[in-house]
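From first to last, the protein sequence lines are chains B and P.
The opening residue of the first sequence carries number 1 in this note's numbering; numbering runs sequentially from there.
The opening residue of the second sequence carries number 152 in this note's numbering; numbering runs sequentially from there.
Because the hints were derived from the structure by calculation, they are not lab data.
Source: prediction; values computed, not measured.
Watch out, some of these pointers could steer you wrong.
[To be verified] Lysine-lysine pairs mimicking DSBU-like chemistry, simulated, CA-CA at most 30 Å apart:
id: 1; chain 1: P; residue 1: Lys155; chain 2: P; residue 2: Lys310
id: 2; chain 1: P; residue 1: Lys296; chain 2: B; residue 2: Lys82
id: 3; chain 1: B; residue 1: Lys82; chain 2: P; residue 2: Lys376
id: 4; chain 1: P; residue 1: Lys384; chain 2: P; residue 2: Lys237
id: 5; chain 1: P; residue 1: Lys312; chain 2: B; residue 2: Lys82
id: 6; chain 1: P; residue 1: Lys276; chain 2: P; residue 2: Lys244
id: 7; chain 1: P; residue 1: Lys296; chain 2: B; residue 2: Lys150
id: 8; chain 1: B; residue 1: Lys139; chain 2: P; residue 2: Lys310
id: 9; chain 1: B; residue 1: Lys139; chain 2: P; residue 2: Lys350
id: 10; chain 1: B; residue 1: Lys82; chain 2: P; residue 2: Lys375
id: 11; chain 1: P; residue 1: Lys376; chain 2: P; residue 2: Lys273
id: 12; chain 1: P; residue 1: Lys384; chain 2: B; residue 2: Lys82
id: 13; chain 1: B; residue 1: Lys139; chain 2: P; residue 2: Lys253
id: 14; chain 1: P; residue 1: Lys312; chain 2: P; residue 2: Lys375
id: 15; chain 1: P; residue 1: Lys380; chain 2: P; residue 2: Lys336
id: 16; chain 1: B; residue 1: Lys82; chain 2: P; residue 2: Lys362
id: 17; chain 1: P; residue 1: Lys281; chain 2: P; residue 2: Lys380
id: 18; chain 1: P; residue 1: Lys320; chain 2: P; residue 2: Lys296
id: 19; chain 1: P; residue 1: Lys350; chain 2: P; residue 2: Lys268
id: 20; chain 1: P; residue 1: Lys320; chain 2: P; residue 2: Lys281
id: 21; chain 1: P; residue 1: Lys312; chain 2: B; residue 2: Lys139
id: 22; chain 1: P; residue 1: Lys384; chain 2: B; residue 2: Lys139
id: 23; chain 1: B; residue 1: Lys139; chain 2: B; residue 2: Lys82
id: 24; chain 1: P; residue 1: Lys362; chain 2: P; residue 2: Lys269
id: 25; chain 1: P; residue 1: Lys300; chain 2: P; residue 2: Lys276
id: 26; chain 1: P; residue 1: Lys320; chain 2: P; residue 2: Lys213
id: 27; chain 1: P; residue 1: Lys213; chain 2: B; residue 2: Lys150
id: 28; chain 1: P; residue 1: Lys213; chain 2: B; residue 2: Lys82
id: 29; chain 1: B; residue 1: Lys139; chain 2: P; residue 2: Lys276
id: 30; chain 1: B; residue 1: Lys114; chain 2: P; residue 2: Lys375
id: 31; chain 1: B; residue 1: Lys139; chain 2: P; residue 2: Lys362
id: 32; chain 1: P; residue 1: Lys296; chain 2: P; residue 2: Lys281
id: 33; chain 1: P; residue 1: Lys336; chain 2: B; residue 2: Lys139
id: 34; chain 1: P; residue 1: Lys213; chain 2: B; residue 2: Lys114
id: 35; chain 1: P; residue 1: Lys384; chain 2: P; residue 2: Lys253
id: 36; chain 1: P; residue 1: Lys213; chain 2: P; residue 2: Lys350
[Said to hold, decoys possible] Derived list of chain P stretches under chain B, where covered just means 3 residues or more per stretch with a C-beta under 8 Å from a C-beta of chain B:
id: 37; stretch: 203 to 210
id: 38; stretch: 303 to 315
id: 39; stretch: 322 to 328
id: 40; stretch: 338 to 349
Idealized CB from N, CA, C, for every residue including glycine.
Single-letter residue listing:
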Amino acid sequence: MKRGQYQYLMFVYGLVILIIALLFAGFLFSFKSSTDIESYSGYSSLDINFLNYLRTPVFLNELQFSMMDLIAYSYYTNDFTKLDEQTRLVFNSLYGDRCFWQISYSLEDTPNLKFHIISNLGLLSENSGSVRAVIPGLKGENINAEVREKC
Amino acid sequence: MLDKKGNILLLMYAVLLLIVFNPLYALSTNSDNRVNTFKLSFGQLQDDIGEVYFDAEADLLKSGQQVTYSIYRATNELGENGGFSKDNLCEKKDGFVVIDFKDCNPDLEANYIELFKKYFGKEVKNLELKDNYLFGELDEGEYVKRGEKFEINYILSNKFKQGVLLDLKLLSELKSRINNCIERKQDLNDCLGVEFIEKDGYAFFTIENDKNGLMILEDEVIIKKPVFKFAVKND
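Input sequences plus hints: build the corresponding full structure.
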């Protein structure tokens with residue numbers, strides 16, 4: 001083999017090894033997730049929004065209570081006017097026109113029997129993002145509150 | 152151009168690269184190595200951390216609300232009965248419990264704690280009343296979530312601090328001042344500086360809370376201001 005050809009082959013060989021090494025390194029240190037976070041419907045701020053909604057202070061007869069008190073109060077009095085008004089105030093200011101939202105209430109023993117539903121545009125399907133919390137009632141029973149959103 | 156020595160060095164360099172990167176490649180394909188475990192769990196782990204946090208917060212909110220309802224009932228009973236439970240044996244005048252500073256002289260904080268225990272019905276550790284706040288500790292919550300390559304184990308202590316909606320400190324002081332005035336045989340109007348209603352030789356006191364409400368379930372839901380009502384003889 002001529003001297004020039006030998007040097008050329010060695011150079012190409014070294015270059016190939018370097019490229020392969022760089023590819024290995026790239027593969028090894030790539031942090032591409034096996035799961036795309038954005039594809040998770042559950043990964044949103046809905047949880048936090050819902051907890052804040054339940055903690056929101058409300059006034060009944062000029063006395064301060066929380067939204068959880070208002071839910072229990074509305075259930076026993078079967079008057080949802082104030083709850084509707086306060087809930088719309090919270091969720092409309094939160095979502096504006098960007099999302100559909102729906103909040104439903106049922107007793108824990110009969111989760112499919114909603115005793116009240118509030119939404120900004122009809123009922124949302126089961127595949128929309130949702131979270132649920134249990135609120136104690138005044139008599140010790142549990143009330144399920146579930147919020148759904150579709151943005 | 153490279154000479155013979157340079158060629159040898161280049162060859163050595165290539166061989167060294169192979170020696171270093173082959174094991175690294177083997178490591179990168181090994182599913183047990185931490186980088187790969189992390190890559191597999193990334194995304195799912197973050198999602199599950201959010202869920203665990205929400206579950207824990209929702210449970211705290213629920214137990215906090217149970218405490219609130221017991222506080223409503225304890226505050227109502229204590230306030231309506233001059234610092235006692237409703238089945239007290241003290242003298243009553245026009246629906247007000249008469250405090251005589253002898254047999255009927257309530258220890259407001261101790262009675263409040265007893266009433267709270269009665270209504271809450273579950274064991275509360277380190278229950279105490281301090282500066283009109285009720286402190287206590289409920290059973291800690293344990294939240295476990297297992298993924299393919301990870302496990303979340305979140306233990307959350309459940310301590311609470313909630314206002315009792317009555318200024319028990321101020322009421323105790325007022326009670327002492329009334330007692331002092333009576334012992335010195337001073338006119339309560341001049342001695343106290345607190346409004347009350349005089350009727351049939353009794354002074355009727357109704358001390359109101361200004362902001363927070365009580366929600367009590369009897370035959371129907373009652374919303375009311377927390378009040379502390381009692382009477383004293385004012386001959």
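Now the hints, each set against the structure:
1. P/Lys155 - P/Lys310: violated (78 Å)
2. P/Lys296 - B/Lys82: violated (38 Å)
3. B/Lys82 - P/Lys376: holds (19 Å)
4. P/Lys384 - P/Lys237: holds (20 Å)
5. P/Lys312 - B/Lys82: This hinted pair holds, its Cα atoms lying about 28 Å apart.
6. P/Lys276 - P/Lys244: At roughly 38 Å apart (the allowed maximum being 30 Å), P/Lys244 and P/Lys276 break the hint.
7. P/Lys296 - B/Lys150: holds (26 Å)
8. B/Lys139 - P/Lys310: holds (23 Å)
9. B/Lys139 - P/Lys350: Given that 30 Å is the threshold and the Cα spacing comes to 38 Å, the pair is violated.
10. B/Lys82 - P/Lys375: holds (17 Å)
11. P/Lys376 - P/Lys273: The given pair, whose Cα atoms are some 26 Å apart, holds under the 30 Å limit.
12. P/Lys384 - B/Lys82: violated (44 Å)
13. B/Lys139 - P/Lys253: Given that 30 Å is the threshold and the Cα spacing comes to 37 Å, the pair is violated.
14. P/Lys312 - P/Lys375: Distance ~22 Å between P/Lys312 and P/Lys375 Cα, so the pair holds.
15. P/Lys380 - P/Lys336: holds (22 Å)
16. B/Lys82 - P/Lys362: Holds: B/Lys82 and P/Lys362 sit about 19 Å apart, inside 30 Å.
17. P/Lys281 - P/Lys380: Holds: P/Lys281 and P/Lys380 sit about 22 Å apart, inside 30 Å.
18. P/Lys320 - P/Lys296: violated (45 Å)
19. P/Lys350 - P/Lys268: The given pair, whose Cα atoms are some 36 Å apart, is violated under the 30 Å limit.
20. P/Lys320 - P/Lys281: OK: P/Lys320 and P/Lys281 at ~9 Å, within 30 Å.
21. P/Lys312 - B/Lys139: holds (22 Å)
22. P/Lys384 - B/Lys139: violated (38 Å)
23. B/Lys139 - B/Lys82: At roughly 21 Å apart (the allowed maximum being 30 Å), B/Lys82 and B/Lys139 satisfy the hint.
24. P/Lys362 - P/Lys269: With a Cα-Cα distance of about 26 Å, the restraint between P/Lys362 and P/Lys269 holds, given a limit of 30 Å.
25. P/Lys300 - P/Lys276: violated (37 Å)
26. P/Lys320 - P/Lys213: holds (29 Å)
27. P/Lys213 - B/Lys150: Answer holds: P/Lys213 to B/Lys150 is near 26 Å, not above 30 Å.
28. P/Lys213 - B/Lys82: With Cα atoms ~22 Å apart, P/Lys213 and B/Lys82 stay inside 30 Å; holds.
29. B/Lys139 - P/Lys276: The hint holds at about 24 Å.
30. B/Lys114 - P/Lys375: The given pair, whose Cα atoms are some 29 Å apart, holds under the 30 Å limit.
31. B/Lys139 - P/Lys362: Holds. B/Lys139 to P/Lys362 sits at ~24 Å (cutoff 30 Å).
32. P/Lys296 - P/Lys281: violated (38 Å)
33. P/Lys336 - B/Lys139: Outside the cut-off at roughly 48 Å; violated.
34. P/Lys213 - B/Lys114: holds (20 Å)
35. P/Lys384 - P/Lys253: Holds, at about 12 Å.
36. P/Lys213 - P/Lys350: Violated. P/Lys213 to P/Lys350 sits at ~45 Å, over the 30 Å cutoff.
37. 203 to 210: Check passed, 4 qualifying residues.
38. 303 to 315: Coverage by chain B is violated for the stretch 303 to 315 of chain P (0 residues, Cβ < 8 Å).
39. 322 to 328: With 0 residues close enough to chain B, the hint is violated.
40. 338 to 349: violated (count 0)
Violated hints for the displayed structure, listed by number in ascending order: 1, 2, 6, 9, 12, 13, 18, 19, 22, 25, 32, 33, 36, 38, 39, 40.
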